[in-house]
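**Student:** These are the residues of each chain, in order.
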Amino acid sequence: MAELAIRQSPKQVPISTWTRLKTNRNWLGAWFMLPAAAFLILFLAYPLGLGVWLSFTDAKIGRSGVFIGLENYEWLWDDNVFWMSVFNTVLYTVVASVVKFGVGLYLALLLNENLPFKAMIRAVVLIPFIVPTVLSAIAFWWIYDPQFSIVSWSLKHLGIIHGNIDFLGNMWNARWSTIFANIWRGIPFVAITLLAGLQTVSPSLYEAATIDGASRWQIFRHVTFPLLTPIIAVVMTFSVLFTFTDFQLIWVLTRGGPVNATHLMATLSYQRAIIGGQLGEGAAIATAMIPFLLAAILFSWFGLQRRKWQQGGDND
Amino acid sequence: MHDFTRRTLLKGSTAAAAAGMLTGSGLLEWAKAWAQSAPWKPEAGAKLSILRWKYFVQSEDDKFVELMKAFTQATGVDVTINRESYEDVQPKASVAANTGTGPDLFWGLYSLPHLFPDKVVDMTDVADYLGKKYGPWADSAVKYGKEGNKWIGIPVCYTGALMNYRISASQKAGFKEFPKTTDEFLEYAKAMKKNGTPGGCAMGHAPGDANTWLHWCLWAFNGQTVDANDKVIINSPETEKALQYAKQLYDNMTPGVASWNDSFNNKAFLAEEIHWTNNGISIYVAASKDASKKHVAEDMNHAYMPVGPVGKPTELHLMFPILAMKYSKYPNACKALTSYLLEADQFNPWMAAAGGYLSHCLAAYDANPIWTQDPKRTPYRDVAKRSLTAGGLGSNGEKAASAISDYIVVDMFAAFCTGKDDAKTAMRNAERQLKRIYRT
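So the protein lines, in turn, are chains A and B. Numbered by my numbering, the letters in the first sequence go through residues 1 to 316 in order. Numbered by my numbering, the letters in the second sequence go through residues 317 to 756 in order.
Hints in this document: simulated from the structure, not taken from any laboratory. Glycine is no exception: its CB is placed at the ideal position from the N, C-alpha and C atoms. Hints are supplied without guarantee of correctness; some may be wrong.
Computed from the model, here is a short list of chain A residues facing chain B with C-beta under 7 Å [said to hold, decoys possible]:
1) Arg20
2) Gly65
3) Gly69
4) Trp75
5) Gly169
6) Arg255
7) Ile275
Far from chain B, some chain A residues (derived; all Cβ distances over 10 Å) [claimed, not checked]:
8) Pro14
9) Phe167
10) Ala174
Computed Cβ-Cβ distance ranges for the label pairs, DEER-style [unchecked claim]:
11) B/Thr497 / A/Gly159: 57 to 67 Å
12) A/Leu110 / B/Asp567: 41 to 51 Å
13) B/Thr388 / A/Glu74: 49 to 59 Å
14) A/Leu70 / B/Lys510: 13 to 23 Å
15) B/Lys740 / A/Ala196: 51 to 61 Å
16) B/Thr388 / A/Ile161: 55 to 65 Å
17) B/Lys510 / A/Trp83: 47 to 57 Å
18) A/Ile130 / B/Lys740: 27 to 37 Å
19) B/Leu709 / A/Gly69: 40 to 50 Å
20) A/Ile130 / B/Ser552: 44 to 54 Å
21) B/Ser552 / A/Leu70: 30 to 40 Å
22) B/Lys740 / A/Leu70: 21 to 31 Å
23) A/Ala36 / B/Ala587: 37 to 47 Å
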């Protein structure tokens, strides 16, 4: 028996778990993903989790706080400033995104034509996007100034109005003014990205459509637009996310005033958490943004992108 | 014991006159002499870092840097200065206090040391030393500096928020001097508007200007955010009176004040669009320095905020206390630096450099010539004596700080004045917000 055992042993060297972990292809894949996963967990999942956790505590800045369950949310539920910030954020995002999409698409189509100085015009269109937000916000701050606004000044000199326009002092004026500034800043991103999408559309499709006698609208509706939808989905997802979480523009222009009429959830969260020191409550406001953002992402991915033709089938 | 001959000389009215000259090498010489006999000897090899609010007047900061250099040369203690916008000092200090690392000294706004009283160095000896030498401390400064019997910070200075007005326009409206009561003030605002020379005060989210004047207004009519036990009492007939009064003032202001932040009134006043506002002395300083605005400087003056039905001043001014963190390895160096800053030889020229932007909390500095050389600066001399504290009747700690930074009083007034809410709703909303902050 002993002999047999000795003779058999070289044939059946037990493979250690460690060796298996080192050589198995599936495990190797997991190993290679580990650095990336660690990176994502450390810098994305952990802060997000921590933020959500903070919203269940009464943490103040620099003080960890104790678990208080849903108390922060209960107070927010009953807080009209919070609800106004939700309303403002939704209004801001919906109006700005829709206009940015419309104007951006129009600009992209224009820039896709053969224009003289095409490269230069494309570069110029990008300017609002290149200028740091704080700088453009300061420019708007002057444009909207209740005393020195260039707009009011020009209209007064043209005899169209008599008093200055109260851009940021009236609640609705302030909302539209900040939305306008956001649109101005966001259009280039949409336009240039859609332009890139347009340039991937094969000219032969247009030729075929033209030969078939399609009008310009029909070409747009049945060739350009369907082929653009994947990129529209990506662009609009980003655009909605950027708009929803906008902060700098509001902070420079109004700090959420007048009477909180332009407070977005992001600015209110900052005001309460960092300036006011109520970290738990600020975190609760920030956490309350997550469902909205998820909904926006799901809408654009499932609503705009899951077309059958993208997976090789026909559209119904 | 601390027999500084030069300091003794400088004390009192002659003190300040001489102090203006004490610059450059004289300053260093004095700093060295001071270091020899200072009550606090910095630890060997001490290095300090200080986070201060970002200056409003460049010359003030230049002088501050000069003072710090002299301190370093005299004591061998290196001082690193960092600056943050005044609202941002508080969050950084809170994080530092609770993580136990960061700058040794923080010079911030309002009740900063009260946010973490057990994390700061006991400064009672410094306060007593300075109080004995240059005091007494103004009452409001004691409230900001002390918790119980212990000084947890040293109230370095105030930045006053007082009325700025154009002289000729006021006279034209029939007012030889600026109104002293709220009733007269309302008449004044009406007359000024009627003459096409209206004024205006910020009602937007302006952390300094809007908070100061609207708290003044609330308190002038005996409205209060909380009582002495921090119970929320804002929803009251007194608050409603304050709201009604502010609305009438608002109706007689230039349009657009609901959007103003801290710099709008400065711009509008300098551009002669408005003829009265509440502000620090920065408009006057800017106008005096700009040749094209000389006429504005000449035709403007400052006045106390009018007194309301409560019958006593109810001003709120920006207080800037300094504190040293317990985690600092060099508490003696911190104390030495703090006391050094407020010694006449440093403080007088520093105040002079600030041109009235820094108002003292120690009685002896009333004699600084900066307050009398130019009578237009005189009202800012008395800021510490007239100021109430940020918490109103209640505690002076983080809840009061949160309520101010959350613009609760400002938004209540703005909501009513702009017609967004009626008085009852505006008060109820503010009450709700205050209860959120003051909940236990």
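**Student:** Against this structure, judge whether each hint is valid.
**Tutor:** Cross-check of the supplied hints:
1. Arg20: violated, 44 Å
2. Gly65: violated, 11 Å
3. Gly69: violated, 14 Å
4. Trp75: holds, 5 Å
5. Gly169: Since the shortest Cβ distance to chain B is 4 Å, the answer is holds.
6. Arg255: Because about 4 Å separates A/Arg255 from the closest Cβ in chain B, which is inside the 7 Å limit, the hint holds.
7. Ile275: Since chain B brings a Cβ to about 4 Å from A/Ile275, closer than 7 Å, the hint holds.
8. Pro14: holds, 51 Å
9. Phe167: violated, 7 Å
10. Ala174: For A/Ala174, whose nearest Cβ neighbour in chain B is about 7 Å away, the distance does not exceed 10 Å, so it is violated.
11. B/Thr497 / A/Gly159: 57 to 67 Å: violated, 43 Å
12. A/Leu110 / B/Asp567: 41 to 51 Å: holds, 48 Å
13. B/Thr388 / A/Glu74: 49 to 59 Å: Holds - the Cβ-Cβ distance for B/Thr388 and A/Glu74, about 53 Å, lies within 49 to 59 Å.
14. A/Leu70 / B/Lys510: 13 to 23 Å: Taking Cβ atoms as reference, A/Leu70 and B/Lys510 lie about 55 Å apart, which means the hint is violated.
15. B/Lys740 / A/Ala196: 51 to 61 Å: holds, 56 Å
16. B/Thr388 / A/Ile161: 55 to 65 Å: Since B/Thr388 and A/Ile161 have Cβ atoms about 58 Å apart, the given range 55 to 65 Å holds.
17. B/Lys510 / A/Trp83: 47 to 57 Å: Violated - the Cβ-Cβ distance for B/Lys510 and A/Trp83, about 41 Å, lies outside 47 to 57 Å.
18. A/Ile130 / B/Lys740: 27 to 37 Å: violated, 49 Å
19. B/Leu709 / A/Gly69: 40 to 50 Å: violated, 32 Å
20. A/Ile130 / B/Ser552: 44 to 54 Å: holds, 53 Å
21. B/Ser552 / A/Leu70: 30 to 40 Å: The hinted range 30 to 40 Å holds for B/Ser552 and A/Leu70, with Cβ atoms some 31 Å apart.
22. B/Lys740 / A/Leu70: 21 to 31 Å: About 29 Å separates the Cβ atoms of B/Lys740 and A/Leu70, which means 21 to 31 Å holds.
23. A/Ala36 / B/Ala587: 37 to 47 Å: violated, 56 Å
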